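With the hints as your guide, set chain V onto chain S.
Keeping their order, the protein sequence lines are chains S and V. Be aware that the first sequence starts at 521, since it is given in this note's numbering, and climbs by one per residue. Be aware that the second sequence starts at 521, since it is given in this note's numbering, and climbs by one per residue.
By construction, these hints were calculated from the structure, which means they are not laboratory data.
In this list, chains with the same sequence are indistinguishable; a pair is considered to hold if it fits within one copy or across any two.
Under the rule of at most 27 Å between Cα atoms (straight-line distance), these lysine-lysine pairs were calculated in the DSS-like manner: (1) Lys683 to Lys565; (2) Lys662 to Lys583; (3) Lys683 to Lys553; (4) Lys583 to Lys711; (5) Lys662 to Lys528; (6) Lys583 to Lys528; (7) Lys551 to Lys583; (8) Lys528 to Lys551; (9) Lys711 to Lys662; (10) Lys583 to Lys631; (11) Lys738 to Lys553; (12) Lys738 to Lys565.
It should be emphasised that the depicted structure is a prediction, and the values quoted were computed from it without experimental measurement.
Number of protein chains: 2
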Amino acid sequence: MNTEQPPKILLAHGGGGRLTDQLIRQHILPKIKNDTIAELADAAKLNLSSPQVCFSTDSYVVKPLFFNGGDIGKLAVCGTINDLAVSGAKPVALSLSLIIEEGLEISLLDKILSSAAAAARENNVLIVAGDTKVVELGAADKLFINTAGIGVRLTGVDLGLDKLAVGDKVLLSGTIGDHGMTIISQRQDIKFQTEIQSDCAALAELTCSILENTNGVKFMRDPTRGGLAATLNEIVAGSNKAIEISEVDIPVNLPVLAAAEMLGFDVLNIANEGKFVAIVSPDSAEQALGICKEHPLGRDAAIIGRVIEATQAPLVELITKIGGRRIVQMPYGRELPRIC
Amino acid sequence: MNTEQPPKILLAHGGGGRLTDQLIRQHILPKIKNDTIAELADAAKLNLSSPQVCFSTDSYVVKPLFFNGGDIGKLAVCGTINDLAVSGAKPVALSLSLIIEEGLEISLLDKILSSAAAAARENNVLIVAGDTKVVELGAADKLFINTAGIGVRLTGVDLGLDKLAVGDKVLLSGTIGDHGMTIISQRQDIKFQTEIQSDCAALAELTCSILENTNGVKFMRDPTRGGLAATLNEIVAGSNKAIEISEVDIPVNLPVLAAAEMLGFDVLNIANEGKFVAIVSPDSAEQALGICKEHPLGRDAAIIGRVIEATQAPLVELITKIGGRRIVQMPYGRELPRIC
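Next up, chain S with everything else stripped away, as it sits in the complex (with noise of 0.2 Å):
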């Protein structure tokens, strides 16, 4: 047992010293270890297989930390491997970079890691570099994580807006709003009779799978602030099409649903976590949805709706349940702070 191992995170964790090597080598290495980030380089060294390669980031500031169905750690390694994956890429590496307040329990900080280095594992990536600085108490809330990755696009795969034409399917890998409700469910602290999850998790096997095994695919997206709602509003303004989707064909839980409803939230502007929107040629959709609905990930999966001309503007427009219409609008942003 290492005695000078204090159970909180010090300012002087972060100061670049003997007690932030030990923070490296104790807490942080032992969980995440692979040869690449064990020689504590300032850069990983890392051979890819094709110079053809995709790079995203996103930084994770979640509240509460952690939630039914996730945490912060899972959530930084699941929502950066979803960006390569909706891309056309098959992730390879990331990096992870916390800042973290003064006073953090040391313990919270294994939990989380431990969590984020199971997602890697889990889905073949490899975490290799690193950073981590702490700032003092009040500066920043408990924790806060960046995670970048590496993909390798996959042969033959090139996906883009201008790729999109009148006919075209809307697909949804599965149901939408369980991680925004999940989370701001446990802020507000409502319990419901059914109890409602995130539905964090990383999508690159089955975007692979879909991209390797059809054709039709023209893009993808997943759907994380701002909802199914903004996701397609991205879609019709960068391909000038418009959308039509079927209030009826969206899979929604009922839970979730209800916990919206009771809350005055538009399903439609809740965010998600494991979920991707993919535009596919009509002759590709019933395969794409078959590959979808094999994979634990998509066994909700549906076609929502269709690419229709653009005959005024690019909207987004929903024929709710009772056979209306009405135009699905890009959210103003108000609706959920640090949902992810």
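What follows is chain V alone, placed relative to chain S:
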């Protein structure tokens, strides 16, 4: 003029909706612009010149945000460029991820982003990926920035601590302590007769020039947090050799030395943000030194010591100005929170 855009950052700027989009399109993209980031995809697509890459990340929490010689934006770009540079790579692409405290003046953010963009442009590095999160007032201290970076490894360059041999020279690219003492002085509002200034700068042009024109460089590292003392201690610990340095040969700006002594700091422990240490074989040392001295960022370079046998333990020994000897210890870590 856009009357919708408030002069301060709102929580909604981080919500992933219209305000996030506005912030990105009006304040971030115009400064950074390049073809890759303009796509606003989930991940940037890069065609690297080689699959042999380096990958690095750092989060920046420096306080104050603006300091003599730079700001957090320039620091975040230069810092990650330097980590790639000292690893023997030519930096190619960066990500830039912001964690903003609600209420930050957008004009400050503009200045910082302009500064980050200028540093990237001057060093031929593209900022290709980004992320923006906003946390509520009090949950962060104004602004934290993470950068991650990809560099292509220089052909034939393979740096590593295992290559060190007795007799190798320790080359330091310039004066030490400038960054750290500037930050400390500004934080404590201490004025000196001669103004001191951070050395914040990107070293890749100089490191690439040395690595491409000499053969004897075995290892490089930038002495940031923990200063020269931490870097040399890491080098001896990783190589199982000892290092002997000579105090009279270590370049220090006099006002920096005076400030450090007045405030009770050992300048060896103070952070630098535009310097590197290189371990070079004896037959290449003068050539490497010459290349440094011809470059604006290396004109004060000096050979400050040599690698010796570790007789008992891998220690760093300083020959003092009066000819005495003392062991340079790894700093404990408490010296300087939020120095970078």
